[in-house]
Amino acid sequence: MARAATTQRKIVVTTAAWIVGLLIFFPILWTILTSFKTEGDAIAFPPSLFPPHWTLENYFEVQSRSDYFRHFVNSVVISIGSTVLALLIAVPAAWAMAFSPTPKTRDIMMWMLSTKMMPAVGVLVPIYLIFRTLGLLDNVWGLMVILMLMNLPIVVWMLYTYFKEIPVDILEAARMDGATLGKELVYVLVPMAVPGIASTMLLNVILAWNEAFWTLNLTAARAAPLTAFIASYSSPEGLFWAKLSAASTLAIAPILVLGWISQKQLVRGLTFGAVK
Amino acid sequence: MKLFPVIAGAFLVALASSASAETLTIATVNNGDMILMQKLTDDFTTANPDIQLQWVTMEENVLRQKVTTDIATKGGQYDVLTIGTYEVPIWTKQGWLVPLDNLGADYDVDDLLPAIRGGLSMDGKLYAAPFYGESSMVMYRKDLMEKAGLTMPDAPTWDFIRQAADAMTDRAAGINGVCLRGKAGWGENMAFLTAMSNSFGARWFDETWTPQFDQPEWKDTLSFYVDMMKADGPEGSSSNGFNENLALFQQGKCGMWIDATVAASFVTGKDSTVADKVGFALAPDKGLGKRGNWLWAWSLAVPAGSQKVEAAEKFIAWATSKHYAELVASKEGWANVPPGTRTSLYANPNYQAAAPFAKMTLDSINSADPTHPTVKPVPYVGVQFVAIPEFAGIGMTVGQLFSAALAGQSSVDDALKQAQDVTMREMQKAGYL
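Residue numbers (my numbering), protein chains in the order written: chain A, 1 to 276; chain B, 1 to 433.
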């Protein structure tokens, strides 16, 4: 009886999980399928899920019109660069907050998080002027810095949560064995927090890859990543939905593959410490 | 052994040539004509090997936001800007644009259509060169019109449009008598409604900049639009912009569509299921002397402070020249030449033969007057917009109110009252009142 109930429950939960998963994935699936339709089929009503006439024409058109590879390289450099920069700052910061807190630590963390509540457009003009003065407009270094700043609060918060799970006794033991602060961080803390750091890194890469406000506003031609590549196919006067879908598919494909490959680490890291 | 000097020499030559070449960064919109220009730039770079071109293509609203930020802060990211007739008078007043004085002896500036040239000039100086121009007109299904027992005049009235819409609507067959813009936005539903209101005798502001939404002309305009769309428009029309209506028309679900003249080539193109059944007419009027058509031109301009004015003007002269029209015609056919900028194009028999909508497009453009857009006098320039910096924000808000009235979320009276209050408040805040 109990076994039947458990099996039944498993089926219900699995079915529900599949439905939710498919619902979440459906817009991406629709985009991918639309990219293989003709422009006429893409706007047909009622719409068909599968293309009546499969075509690769949109991909050829996108390739001939835009330099996908240049945008792709910029996206890789910007997302990985901003993540590395963020980790370099966030690991020591999160260590200090987790293992050497002061009465104001919690306030500082809340203040860091509150910066995420401000709409980005509110600081567009000052940031633009600073970038112009420093010669960082349309520059991958400038984008790395701004995306690092945008994501830093989340990175610090996530790392803080993981570090809190590590017993402080282990760090103290390392100190008693004569480890310096640097060695304690590099040889003791980081190896123990690898799943957390890896998932933080992955999440930050995804956030930076998909960021579309700063990457659109602070770039022109040289440093433009894939977000600018997609934006160049949107038009209020003219039907380019199939081409836009092809461009979007090309833009999300690398991050989708990365997420797929690393989903185990990602889930493990995100649920780290969720159940005690 | 002798390879090294050869490689080193080649490297130095490459370095020298790249150092001497000037790179122009061109910000442009994503539409068919602009994309075609990108494909044809070899013609320019071959004739001007010292100039290289770098394209930044964007969606219209993104482009507007980026180039406005750049030019206002003197960011200097772009050497050539693609801007519309709304921006040109405002930016010229701000001193943000370079006058285009050196387009070359053979440019023939007098060949530009007077209405378009007027919208891009100040004190007799051209500040942006038109790449393509458009107005709005009626596109209709000849077969459905015939079935309804009606004949579309070349210059219809709004009353005829309503009569035809009622007669053509066939809900069972999925035919909507008329498809019009309903999506909120100053360049979306408000472009259509502002142009329409001009023909109804309405205006945004009187001579003292007092908003006029509380006047009967606006009530007539909005009531007519909402009533007709409810009776004969497509379902969910408050979300429809150019693309949605184009899709409906191409699939044979609209009897009439009043929108940009640039759509003529789309509704008669290969993706249209009704390509051979489309007729064209001027935008409607109400017998008051103004038609409900707008005027727009995507134009190329050079930002003030640019270090590459000479090269930029060379490029602009090429892209907006008669030679470019001939180049497009030779590669893509006359029907694909950017329309609405030069008188000579419309006198060309090849173009007339290839573009059945040519005459109607020219007549529509010529009938729009951005300097005297309304029946009553106004203190502003612009047919479907008011060329003041505050208009984009006010137009968006009013567009949302009118879109809500179309969706049935508020009454016409409520929408107009709120539009009046909002506009009054914004104009007071901006110091006009």
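In case anyone wonders, no lab produced these hints; they're calculated from the structure.
Glycine included, C-beta positions come from ideal geometry on N, C-alpha and C.
Hints should not be assumed to be uniformly reliable.
Unchecked claim - Derived contacts from chain B toward chain A, CB cut-off under 10 Å, selection only:
{"id": "1", "residue": "N31"}
{"id": "2", "residue": "Q54"}
{"id": "3", "residue": "Q251"}
{"id": "4", "residue": "Q400"}
{"id": "5", "residue": "A404"}
Each hint tested on the structure:
no. : hint : result
1   : N31  : 5 Å, holds
2   : Q54  : 4 Å, holds
3   : Q251 : 6 Å, holds
4   : Q400 : 17 Å, violated
5   : A404 : 20 Å, violated
The structure does not agree with the numbered hints 4 and 5 stated previously, though it agrees with the rest.
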